[in-house]
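Novice: Below, each chain spelled out in residue letters.
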Amino acid sequence: MKKILLILLLLLTGCGKQEYSKNLFYMDTVINIKLYNVNEKKANEAFNYLDSLYQKYENLTDFYDSNSELSKLNNDVNYEISSELLDLIKIGYEWNIKTNGLLNVNIGNLTKIWHDFRENPVSLPNLDDVKIESLKMENDKILNDKVNIDLGAIVKGYVTEKAGNYLKNIGIDYYLINAGGNVKAGKSNKGYYNIGIASPISNETFEIVKAENISVVTSGGYERFYEYNGVMYHHIIDPNTLYPANNMKSVTVIGEDSGLCDILSTTLFLMDIDEGKEFIKDYDVKVIWFTNDDQIIKSDNYE
Amino acid sequence: MNKNDIKLVVIVLIIIILLFSLTLFRKKANIANVYYENELILEIDLSINKIYEVDGYNGKVKIEVLNNQIRVVEENSPYHLCSKQGFVSKSGESIICLPNKIIIELPSDELDAEVS
Numbered sequence: 001m002k003k004i005l006l007i008l009l010l011l012l013t014g015c016g017k018q019e020y021s022k023n024l025f026y027m028d029t030v031i032n033i034k035l036y037n038v039n040e041k042k043a044n045e046a047f048n049y050l051d052s053l054y055q056k057y058e059n060l061t062d063f064y065d066s067n068s069e070l071s072k073l074n075n076d077v078n079y080e081i082s083s084e085l086l087d088l089i090k091i092g093y094e095w096n097i098k099t100n101g102l103l104n105v106n107i108g109n110l111t112k113i114w115h116d117f118r119e120n121p122v123s124l125p126n127l128d129d130v131k132i133e134s135l136k137m138e139n140d141k142i143l144n145d146k147v148n149i150d151l152g153a154i155v156k157g158y159v160t161e162k163a164g165n166y167l168k169n170i171g172i173d174y175y176l177i178n179a180g181g182n183v184k185a186g187k188s189n190k191g192y193y194n195i196g197i198a199s200p201i202s203n204e205t206f207e208i209v210k211a212e213n214i215s216v217v218t219s220g221g222y223e224r225f226y227e228y229n230g231v232m233y234h235h236i237i238d239p240n241t242l243y244p245a246n247n248m249k250s251v252t253v254i255g256e257d258s259g260l261c262d263i264l265s266t267t268l269f270l271m272d273i274d275e276g277k278e279f280i281k282d283y284d285v286k287v288i289w290f291t292n293d294d295q296i297i298k299s300d301n302y303e
Numbered sequence: 001m002n003k004n005d006i007k008l009v010v011i012v013l014i015i016i017i018l019l020f021s022l023t024l025f026r027k028k029a030n031i032a033n034v035y036y037e038n039e040l041i042l043e044i045d046l047s048i049n050k051i052y053e054v055d056g057y058n059g060k061v062k063i064e065v066l067n068n069q070i071r072v073v074e075e076n077s078p079y080h081l082c083s084k085q086g087f088v089s090k091s092g093e094s095i096i097c098l099p100n101k102i103i104i105e106l107p108s109d110e111l112d113a114e115v116s
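Protein sequence lines correspond, in order, to chains A and B. Read in order, the letters of the first sequence are residues 1 to 303 in this note's numbering. Read in order, the letters of the second sequence are residues 1 to 116 in this note's numbering.
Worth flagging that the hints you see were computed from the coordinates, not collected in a lab. Each residue gets a CB set at the ideal place from its N, CA and C atoms; glycine is no exception. Treat the hints with care, since some could be wrong.
20 angstroms max Cα-Cα, derived PhoX-like pairs, lysine-lysine [as the list claims (entries may be wrong)]:
id: 1; chain 1: B; residue 1: 7; chain 2: A; residue 2: 22
id: 2; chain 1: A; residue 1: 34; chain 2: B; residue 2: 7
id: 3; chain 1: A; residue 1: 190; chain 2: A; residue 2: 168
id: 4; chain 1: A; residue 1: 146; chain 2: A; residue 2: 112
id: 5; chain 1: A; residue 1: 34; chain 2: A; residue 2: 210
id: 6; chain 1: A; residue 1: 162; chain 2: A; residue 2: 56
Stretches of chain A that chain B covers, calculated by requiring three or more beta carbons in the stretch to come under 8 angstroms of a beta carbon on chain B [to be verified]:
id: 7; stretch: 23-29
id: 8; stretch: 174-188
id: 9; stretch: 191-198
Please take these sequences and the hints and turn them into a complete structure.
Specialist: Take a look at the structure:
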């Protein structure tokens, strides 16, 4: 009898459990964090920490803030950077090698040209003088004479992974972080989260990922397209063509590590779909492509 | 199991069912929540056609509800991304005016998050 009562009471408290939600405004996006099964004090402690975490990485890596550590390095390659920034740059360096130069974080000169064009789309930019160089590193030292590093493809997923790990370490297992199209989910009270993937053409959800302890990251999407003379341009730039990539409308990567999913989604956006299918065989992730002719293609391991 | 035990079980059961049905009914409402940063500043009934004005970071943000859809019609920002987005109407969708720190959310029973 006592057991039945206990179970009923547990159910009752389950119904009354609080959810705490907070919006942070960093990295050109809204980062929404939801925490479950915690008390208010612990939730606030976590929110404060995560606020300072995202802020710290924004201050380190903001390409368009001349005071960021990254900007100082871009101005002077001998500028002494923190180990946190160095770790990010090393990831960029490693992925440049893994992708044969396709994922190149050292094309800030080029991404800035396209950024300026998007701000003031008067005429297509002249790219004749643009030179692309990959990062060269040895023993944690940058060997290039000058760098132009833009970590936009890496940093959001990287910090969001750190955020999830922090929550887990302080005993908050039940959480959901949505960093502007970059979702990291912990455990869920109902056993899964429904994470929708928005269609790049209609703004509606075309797929729902039902899972917990998962990261979902989309590259592409309607939000960061911009149109000029009837042609759509994207913010992800192909270092080979110097133009915005045009292989698909969007690609979504589903896996455990938010940092890896973020990098892979940009990488896959730069590859044609067949090449991408081959490439991801080395990784434990699932992928959905939304093609230029509005077809949905899923990786072989997708069920 | 004596009589008092059964009574207690029944009472607890009734409370659970009441609480459960309450949350069910609340979620069915066809509304939009408007936030400034983290503060809920306005709850909008999407069944009433109307123009609303809220204070954003860069000044007034004008919101229009028309035939169960909602959009931002006027705000002060560099690219006017949130007014260009147009109408949204499906639960789970949102409009984010980043420079104005205004978030309009259509709550969803089905979706916990969305990537785009």
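Novice: Now look at each hint and say whether the structure bears it out.
Specialist: Right, here's what the structure says about each hint:
For the suggested pair residue 7(B) and residue 22(A), the alpha carbons sit about 42 angstroms apart, so the restraint of at most 20 angstroms is broken. Proposed proximity of residue 34(A) and residue 7(B) is contradicted: the alpha carbons are some 38 angstroms apart, above 20 angstroms. For the hint linking residue 190(A) to residue 168(A), the alpha-carbon distance of about 18 angstroms falls within 20 angstroms, and the restraint holds. For the given pair, residue 146(A) sits about 16 angstroms from residue 112(A) by alpha-carbon distance, which is consistent with the 20 angstroms threshold.
For the suggested pair residue 34(A) and residue 210(A), the alpha carbons sit about 17 angstroms apart, so the restraint of at most 20 angstroms is met. With a CA separation close to 12 angstroms, the supplied pair residue 162(A) and residue 56(A) stays within the 20 angstroms bound. Requiring three or more residues with a Cβ within less than 8 angstroms of a Cβ of chain B, the coverage given for the stretch 23-29 of chain A holds, as 4 such residues are present. Three residues within the 8 angstroms Cβ limit are the bar, and the stretch 174-188 of chain A against chain B gives 7, so the coverage statement holds.
For the stretch 191-198 of chain A, the proposed coverage by chain B is satisfied: 6 residues have a C-beta within less than 8 angstroms of a C-beta in that chain, meeting the threshold of three.
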